[in-house]
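Dock chain B against chain A, hints included.
Chains as they are written, first to last, in this note's numbering: chain A, 419 to 611; chain B, 419 to 611.
There is no bait here: all hints are sound.
If several chains are the same, the list does not tell them apart, and a pair holds so long as it fits within one copy or across any two.
Simulated crosslink set (BS3-like; lysine-lysine; CA at most 25 Å straight-line): (1) K439 - K598; (2) K499 - K439; (3) K499 - K549; (4) K598 - K549; (5) K549 - K439.
Derived from the structure by calculation, the hints contain no laboratory data.
Each chain is listed here by its residues.
Number of protein chains: 2
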Amino acid sequence: MNFLEERISRDGQVREGDILKVDSFLNHQLDIALLEQIGEAFYAHFREKKITRVLTVESSGIAVAFPVARMFGVPVVFAKKARSMNLDGDLYTSIVHSYTYNVDNVVTLSRQYLHGDDNVLIVDDFMANGKAVQGLLDICGQAGASVAGIGIAIEKGFQNGGRLLREAGYDLYSLAIVDKMEDDGTIVFRPHA
Amino acid sequence: MNFLEERISRDGQVREGDILKVDSFLNHQLDIALLEQIGEAFYAHFREKKITRVLTVESSGIAVAFPVARMFGVPVVFAKKARSMNLDGDLYTSIVHSYTYNVDNVVTLSRQYLHGDDNVLIVDDFMANGKAVQGLLDICGQAGASVAGIGIAIEKGFQNGGRLLREAGYDLYSLAIVDKMEDDGTIVFRPHA
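Just chain A, same shape as in the assembly:
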């Protein structure tokens, strides 16, 4: 097990409905040293790609994007989940269905901060069905930007987001892939290739 799988095994909590709570270190309370390890791991994997921007979506994605962008020496850009429109008019937009809240969110990104000459690393803390990442890919497509890869801290391997992205040919690097969560709280990780 790598450092993140060990931490999930120790502090992650399995809840009914295949919910994995990692609130104590990843998306409510933030363990900065752990997030920096995640940043280093993503950097090690993608360092040969000439990344120009790290793209994520608010809000817990920001905590993963920060240390990665720091390693690469590039800016973070985060897409916003729009409610009203207090941004300038000139936006990329994509519709993302949230199963957690059962609503369609519009995610938006100012056209000022993503361009056709960008080589983007997309990152997020969690991926299940991959809808958020698909929204960010959609926005990269609108910008004409290249997608160098996708870095995910925790992937739910029993949902199909990761499979679809790998089949589509993306360099998807997930630090921990959860293949199964047992009723007794045991978390089964996919073995590393």
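Structure of chain B alone, referenced to chain A:
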């Protein structure tokens, strides 16, 4: 002018209705090196306080909290703007009115991540009327936690959030206080004491 005031003067954009846009470096695209300078400045000001947690509210506050918490070697905890309730039942909650969206948001924080023995540094990217900070202070009060201080990147000095907090005796440290925004786009900062 300090580094942040210089950056605001260069890249901040004044919009009708006393709106100051700093999207290009602080709350949409993130300049990591600048945010680390902000973290260092907050650390320099509050370093004698024995901070145990850095508290902020999603989402752009996370980008300010990360480098500060890194300097102190403590976790970030960020309050969530609730819509539905996918958190555990045991929450601190406070109502925060957002003038930007003209809605009441409920901000929530799990009771697991803030306790009576905590000494909290509250940080945020922006403060105008101070409603978000008041919500975080309310939550600290519910937890019985001590508030060591408040660090704000940009304070709108022509709104009353900062004055109220200083009158209440808080150690409020704002890196840039905007006292006036002229029609021609000139931004007037409050002189440093």
